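Q: Sequence:
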Amino acid sequence: MYAVIETGGKQYRVAAGESIEVESLTGDVGAAVELGRVVALVDGDSIKSGKDVTRAVVKGTIHSHGRGGKTLVFKFKRKKQYKRTIGHRQNFTRVTVSEIVA
Numbered sequence: 001m002y003a004v005i006e007t008g009g010k011q012y013r014v015a016a017g018e019s020i021e022v023e024s025l026t027g028d029v030g031a032a033v034e035l036g037r038v039v040a041l042v043d044g045d046s047i048k049s050g051k052d053v054t055r056a057v058v059k060g061t062i063h064s065h066g067r068g069g070k071t072l073v074f075k076f077k078r079k080k081q082y083k084r085t086i087g088h089r090q091n092f093t094r095v096t097v098s099e100i101v102a
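Position 50 (the sequence shown) corresponds to 50 in this note's numbering; numbering is contiguous.
Take every hint as true, because none was put in to throw you off.
With a straight-line Cα cutoff of 27 Å, these simulated DSSO-like cross-link-like pairs (lysine-lysine) come out: (1) Lys10 x Lys59; (2) Lys51 x Lys10; (3) Lys70 x Lys83; (4) Lys10 x Lys70; (5) Lys10 x Lys48; (6) Lys48 x Lys59.
Each pair of labels, with its calculated beta carbon distance range: (7) Lys80 x Glu23: 31 to 39 Å; (8) Tyr82 x Ala31: 43 to 51 Å; (9) Ala16 x Leu72: 35 to 43 Å; (10) Ala102 x Gly69: 33 to 41 Å; (11) Arg84 x Lys10: 22 to 30 Å; (12) Gly44 x Leu72: 42 to 50 Å; (13) Tyr2 x Gly27: 21 to 29 Å.
These are computed hints drawn from the structure, not numbers from a lab.
Treat the numbers as computed from the prediction; the structure is a model and nothing was measured.
Where is the CB? At the ideal position from N, CA and C, for every residue including glycine.
Just need the whole structure built from these sequences, with the hints factored in.
A: Okay, here's the thing in structure tokens:
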């Protein structure tokens, strides 16, 4: 059984026991958390979505907080001597999924 959830503007495919990195969540390490909106549930051959999964909940615990790798943004305009380099590191939270309650 797995679920598709939406949190932080992104969708993730999760199953019980998996560890995923999502957009930064508030809470301390070890705290219980309910992950975003459940978009779909898949159990064997049956697929549920829409109004069928409004009561479904994905529960997990916060494993750690961190920052991703650096992404460089380079802006350049030729013949104008314009060059700018900007770096960005996105914050994330690693969550271990404990159960999917349908």
